[in-house]
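Colleague: Those protein sequences? They're chains A and B, same order as listed. Residue numbers are given in my numbering: position 39 of the first sequence equals residue 210, and the series is strictly consecutive. Residue numbers are given in my numbering: position 72 of the second sequence equals residue 243, and the series is strictly consecutive.
Just so you know, the hints here were simulated from the structure itself, not pulled from any lab data. Hints are not guaranteed to be accurate.
Because identical chains share one entry, a pair is satisfied inside a single copy or across any pair of copies.
Below, in silico cross-link-like pairs of lysine-lysine (BS3-like), each with a Cα-Cα straight-line distance of 27 Å or less [said to hold, decoys possible]:
1. K291 <-> K341
2. K289 <-> K186
3. K380 <-> K354
4. K390 <-> K380
5. K390 <-> K186
6. K390 <-> K291
7. K390 <-> K290
8. K290 <-> K186
2 protein chains.
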Amino acid sequence: TAIRDIISHKQADLKGRRILVTAGPTVEPIDPVRFISNRSSGLQGYAIAEALAARGAEVHLISGPVSLPTPPHVTRINVQTAQEMYEACLAHLPVDAAICVAAVSDWRADTIQAHKIKKKGDEAAPTLSLVENPDILATLSHAEQRPALVVGFAAETTHLQDYAQQKRQKKGCDWLLANDVSKHQFGGAENQVLFLTGSGVEPWPEMSKQDLAQHLADKIASFFHQEAP
Amino acid sequence: TAIRDIISHKQADLKGRRILVTAGPTVEPIDPVRFISNRSSGLQGYAIAEALAARGAEVHLISGPVSLPTPPHVTRINVQTAQEMYEACLAHLPVDAAICVAAVSDWRADTIQAHKIKKKGDEAAPTLSLVENPDILATLSHAEQRPALVVGFAAETTHLQDYAQQKRQKKGCDWLLANDVSKHQFGGAENQVLFLTGSGVEPWPEMSKQDLAQHLADKIASFFHQEAP
Chain A
172 TAIRDIISHK QADLKGRRIL VTAGPTVEPI DPVRFISNRS SGLQGYAIAE ALAARGAEVH
232 LISGPVSLPT PPHVTRINVQ TAQEMYEACL AHLPVDAAIC VAAVSDWRAD TIQAHKIKKK
292 GDEAAPTLSL VENPDILATL SHAEQRPALV VGFAAETTHL QDYAQQKRQK KGCDWLLAND
352 VSKHQFGGAE NQVLFLTGSG VEPWPEMSKQ DLAQHLADKI ASFFHQEAP
Chain B
172 TAIRDIISHK QADLKGRRIL VTAGPTVEPI DPVRFISNRS SGLQGYAIAE ALAARGAEVH
232 LISGPVSLPT PPHVTRINVQ TAQEMYEACL AHLPVDAAIC VAAVSDWRAD TIQAHKIKKK
292 GDEAAPTLSL VENPDILATL SHAEQRPALV VGFAAETTHL QDYAQQKRQK KGCDWLLAND
352 VSKHQFGGAE NQVLFLTGSG VEPWPEMSKQ DLAQHLADKI ASFFHQEAP
C-alpha cells in the first residue's frame with residue numbers, strides 16, 4: 172500500500188489546477204485547397220496534456236489538426252489557424268498555467284484567395300505575401316490575466332541556446348524548452364531539450380516524449396507546491 | 172456459377188496491364204520545419220489503385236504523404252515533393268496507362284532554407300518566392316514512351332467545365348475527370364465529376380470515391396478491350 176499511496180498522491184498533486192496546453196501545427200490557408208503548415212505531429216503536446224490530466228489537472232488542449240486520439244480526461248478544442256488558436260487561448264483565461272507546445276505558424280498568407288489560384292502559362296510563378304500572426308506565447312506572458320506559470324517551446328535548427336535565451340526574454344515566459352530539430356526529427360517520438368528558466372539552463376538528456384512530459388509535469392507540480400501558501 | 176464467372180471475368184480483365192497511379196498531396200519544404208501542401212487525402216487515388224489491382228492490373232502507386240494503408244496487391248512508392256513524384260513516374264515508364272490523381276503542388280519555394288527562418292522583430296514579414304514544378308500530367312502525355320491511356324484529374328473552384336476542357340487540351344491527356352471542390356469538400360469521401368474525353372463531356376452523378384473508382388476501372392477495361400487486336 173506504500174507504493175499505492177505514493178502513486179495516488181502523485182496522481183492528485185495537480186488537482187484543482189486549470190491548465191491550458193497548445194499542441195500540433197497550425198494550418199494557414201493560401202486558397203481553398205493549398206496551405207502552409209509545418210511538421211509538428213502533436214505528440215509532445217498531447218503527451219504533456221495526458222501527463223497533467225493524469226495528475227488531476229483540469230486540462231484544456233487547444234489543438235491544431237493532428238491524427239492523435241484525445242488523451243483521457245482532457246478537454247480538446249480543435250483549431251486550424253494561428254489566429255483561431257490565439258482566440259481559443261484567450262477565451263480560456265484565467266488558467267493557472269499555460270504550456271505552449273504548438274508549432275504556431277509565424278506567418279499567414281496576406282490574402283486568402285477565394286478561388287484556387289491558377290497556373291498562368293508563361294507568366295512567372297506567383298510570390299506569396301505573408302503577414303505575421305499574433306504571438307500566443309508573448310500575449311499570454313503579458314496578459315492582464317497572466318497565468319502564474321507560462322511555459323514555451325522553441326524548435327531551432329542552429330544557435331540553440333542563444334536563440335532560446337533570447338526567445339525566453341523576448342516572449343516573457345517563465346520557462347522555455349528548446350530543442351534542436353536538426354538533430355531530432357521534428358514530429359518524431361524522441362526529444363532532447365534545454366530547459367531554460369530565469370535562473371539558468373538545464374540540459375535534459377534524450378528521452379521519449381512521454382518521459383519528457385512526466386519530467387515537465389514534475390516541475391509544474393513542484394512549482395505549484397512551492398507557490399502554495 | 173454464372174455470377175461467379177462474371178465476377179472472375181471482371182476480376183481478370185486488366186490482367187497483364189501495367190498501370191501507374193499517382194495519389195495524395197505533395198509537400199514542398201520552405202525550411203526544415205515549414206512546408207506548402209494541400210488538402211488532398213489520397214482517398215480517390217487509393218480507391219482507383221485498389222479497383223485496378225482487384226481486376227488483375229499490375230499497379231504502381233506513387234503516393235505523397237497520406238495516412239492510408241496500401242491497397243492489396245499494389246506496389247507503393249512514397250514521395251514528398253512534386254519533383255520526386257515526377258522522377259518516380261518517369262522511372263516507371265513504360266506503362267499501359269497512367270492515372271494522375273495526385274494533387275501535385277504547382278509551385279515550390281524558390282529556395283529551401285537550410286535553417287528555420289526566424290521572425291525578425293520589427294521587420295516586415297517575408298515574401299515567399301515560388302517557382303513552377305514540373306508538370307507530370309503534361310510530361311506523361313507527351314513522353315516518348317507515352318502510355319496508351321493517360322488520365323488526369325482537375326480540382327477547380329469555378330468555371331469547372333471551361334477550365335477542365337482547356338486543361339485536357341493543354342496537358343494532352345486522353346481523359347480528364349474534373350470536380351468542383353467548392354461543392355464537394357476536397358479530401359472528403361464523396362465525389363462528383365465531369366468526365367471529359369476527346370469526344371465530349373459526361374456528367375457523372377455524385378457517388379462515393381469507391382464507386383467512382385469502379386466506374387473509372389470499367390472505362391479503362393473497356394478501353395483496353397477495344398484496343399486489343
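Colleague: Would you mind marking each hint as holding or not holding in the structure?
Modeller: Now for the hints, and whether the structure bears them out:
1. For the identical chains of this complex, K291 and K341 are inter-copy neighbours only, at 12 Å across copies versus 43 Å inside a copy, given an alpha-carbon limit of 27 Å.
2. Proximity of K289 to K186 under the C-alpha cut-off of 27 Å is found in neither arrangement, the shortest distances being 54 Å within a copy and 38 Å between copies.
3. Taking the shortest alpha-carbon separations for K380 and K354, only the intra-copy value of 15 Å comes in at or below 27 Å, while the best inter-copy value is 40 Å.
4. Proximity of K390 and K380 under a CA criterion of 27 Å is satisfied intra-copy only: 15 Å inside one chain copy versus 49 Å between copies.
5. In this assembly of identical chains, K390 and K186 lie within 27 Å of each other by CA distance solely inside one copy; the values are 15 Å within and 63 Å between copies.
6. Neither within a single protomer nor between protomers do K390 and K291 lie at most 27 Å apart by alpha-carbon distance, with minima of 55 Å and 31 Å respectively.
7. When the C-alpha separation of K390 and K290 is checked against a cutoff of 27 Å, the pair qualifies neither within a copy, at 52 Å, nor between copies, at 29 Å.
8. For the homomeric pair K290 and K186, neither the shortest alpha-carbon distance inside one copy (56 Å) nor that between copies (37 Å) is at most 27 Å.
Checked against the numbered hints above, the structure breaks hints 2, 6, 7 and 8 and satisfies the rest.
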